[in-house]
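J.: The primary structure of each chain is shown beneath.
2 protein chains.
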Amino acid sequence: MANSHPEQRFLAQARDLIEQALEANLPGESDAGVLAPDLIAAMRYAVLGGGKRLRPQLVCATAASLDPDWQYSGALHRVIPAACALEFMHAYSLIHDDLPAMDNDDLRHGRPSCHKAYGEATAILAGDALQALAFEVLADAQALPPDMQLAMLRTLGRACGWRGMVGGQALDMAASGKVLTQAQLARLHAGKTGALLGAAVELGGLGVGVGADRMTSLTSLGAKLGMAFQIVDDLLDVTATTDKLGKTAGADAANGKNTYPALLGIDGTRARLQELQQNIREDLAQLALAESPLAALAAYIIERDY
Amino acid sequence: MANSHPEQRFLAQARDLIEQALEANLPGESDAGVLAPDLIAAMRYAVLGGGKRLRPQLVCATAASLDPDWQYSGALHRVIPAACALEFMHAYSLIHDDLPAMDNDDLRHGRPSCHKAYGEATAILAGDALQALAFEVLADAQALPPDMQLAMLRTLGRACGWRGMVGGQALDMAASGKVLTQAQLARLHAGKTGALLGAAVELGGLGVGVGADRMTSLTSLGAKLGMAFQIVDDLLDVTATTDKLGKTAGADAANGKNTYPALLGIDGTRARLQELQQNIREDLAQLALAESPLAALAAYIIERDY
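Heads up: the sequence lines are chains C and D, in that order.
Residues in the first sequence are numbered consecutively from 1464, following the numbering used here.
Residues in the second sequence are numbered consecutively from 1464, following the numbering used here.
Because the hints were derived from the structure by calculation, they are not lab data.
None of these values were measured; they are calculated from a predicted model.
One should not assume that every hint holds.
Identical copies look the same in the list; a pair holds intra-copy or inter-copy alike.
To be verified - Cross-link-like lysine-lysine pairs, in silico, DSS-like; alpha carbons within 30 Å at most:
(1) Lys1579 to Lys1641
(2) Lys1687 to Lys1579
(3) Lys1515 to Lys1720
(4) Lys1720 to Lys1579
Bound-form chain C, shown alone (with noise of 0.2 Å):
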């Protein structure tokens, strides 16, 4: 993203934000209450390797959008807490997909995956405490008056769990090999992916303080990005090189996952993209965001080919 823009400055100020703070929330191998430094090193590994950021970005760029002084605003120092988390969330639910007990990937952001630098133990235990670190992060963000800070906990919880990420990762696994219907494809997308891109829309407006309307409209936009960053992914999948993605190229239709691509071909899967690109635009316009770092990010998501 060229920084040229207003909102692309304020999307890369963010990111540099997000990278202070999880370096910050992450423990050090020197850290009190060390028992185990591999498990450490392993979470550090997961999270600080790479990874475009995009949850924590759009936690950020939501809250940022929605006060009318984005450029000088102070909602982004209040959001960093839910971003981290939602970071250090997506960071533990790539190391436990990557298992071989699960996708068993080898690569990651061009590395070798978790288990295979640090074990499948250590990988196991880092994700496991890599989620218990998404919480803490959360409850320790005492600058939040408490309510707002519950309600992040909460959507946290629900985001994550057997409704939300978790769910969908079960659903996936149970349908590799069998072909999904449309709508069962977009239900286990709206868990497996879905739902922390959804959650982080939600964390912005909840940081601000929105009503249960413009809540009730973000939500909404949070789906429809949710939906768009994953066909653009299926896509990715099927066009792009492995050294471009930094994981497997076409490991979906080794490994018999329903994608887009897969139900609808690559020129029906694009088409959905564009209808889908026209409806986030028309979301953003009534939310009065056409012109806004959440505007920018969104077409980054569309538009991105790493």
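Given the structure of chain C, go ahead and fit chain D onto it with the hints provided.
T.: Just chain D now, with coordinates in the frame of chain C:
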């Protein structure tokens, strides 16, 4: 446990409430939002398939004991969400500990362990979802004052993460086949089992709003109870049968685990336990809890033989 004494009647009543609350807070296969029925079945199997409910009983017994009118106390209902959260956390940790990449145990509570019954992928995910559910139940407990609820969430997060339970399990894996000193073994168990048992006592204290001084005494008592529990567990692994334990007897020695009997011998371990029991009695007396549900539960922890 006989039910003739008021303390024991209280513990039996708490146990009933806990069972009801666990069932009420678990998803059912027909709940709205269920994506993968197998995931839900595995979560229910792991939680509802037995277990002593020691951690949630410890939360309830601590809270009630600190209330002079404990036989008619409302404190019990206030700490039930925290009690459930700890049991979900404990259940998830057992699922992950039993995995092939970890302790590789086929038996738990006298039945096939979760991955033997549901497969490895579903077991990993059921553990992940139970951890999320633990935080969610506590974040959803809206009858509590927000500050108390957040303090409980912080205690839970700290106890089950890299400093606590997961850190201890990682150290246990790393130390298998090596000989630890008694101090190292104490640190391992302070994390692996002590953190949740200690958190149980703290959560009970938080639920009745004890002051900082009493909380320090409670935390110290919780640590001793955790160590006593582990020493008894180690002794039972050597002296009891698989049938009695409901898990594989002798598994510690077979896995090259560091245990108190391996380090101190059986007689030395029993002597250490007696010393600890004396310390726990003194702590309880100083807290004016010598005759309380907490004292009854402490006695059970030390004298239990399943």
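J.: Determine for every hint whether it applies to the structure shown.
T.: Evaluation of the provided hints:
| no. | hint | result |
| --- | --- | --- |
| 1 | Lys1579 to Lys1641 | both (28 Å within a copy, 23 Å between copies) |
| 2 | Lys1687 to Lys1579 | neither (34 Å within a copy, 38 Å between copies) |
| 3 | Lys1515 to Lys1720 | within (23 Å within a copy, 41 Å between copies) |
| 4 | Lys1720 to Lys1579 | both (22 Å within a copy, 24 Å between copies) |
The earlier numbered hint that this structure contradicts is number 2, and it is the only one.
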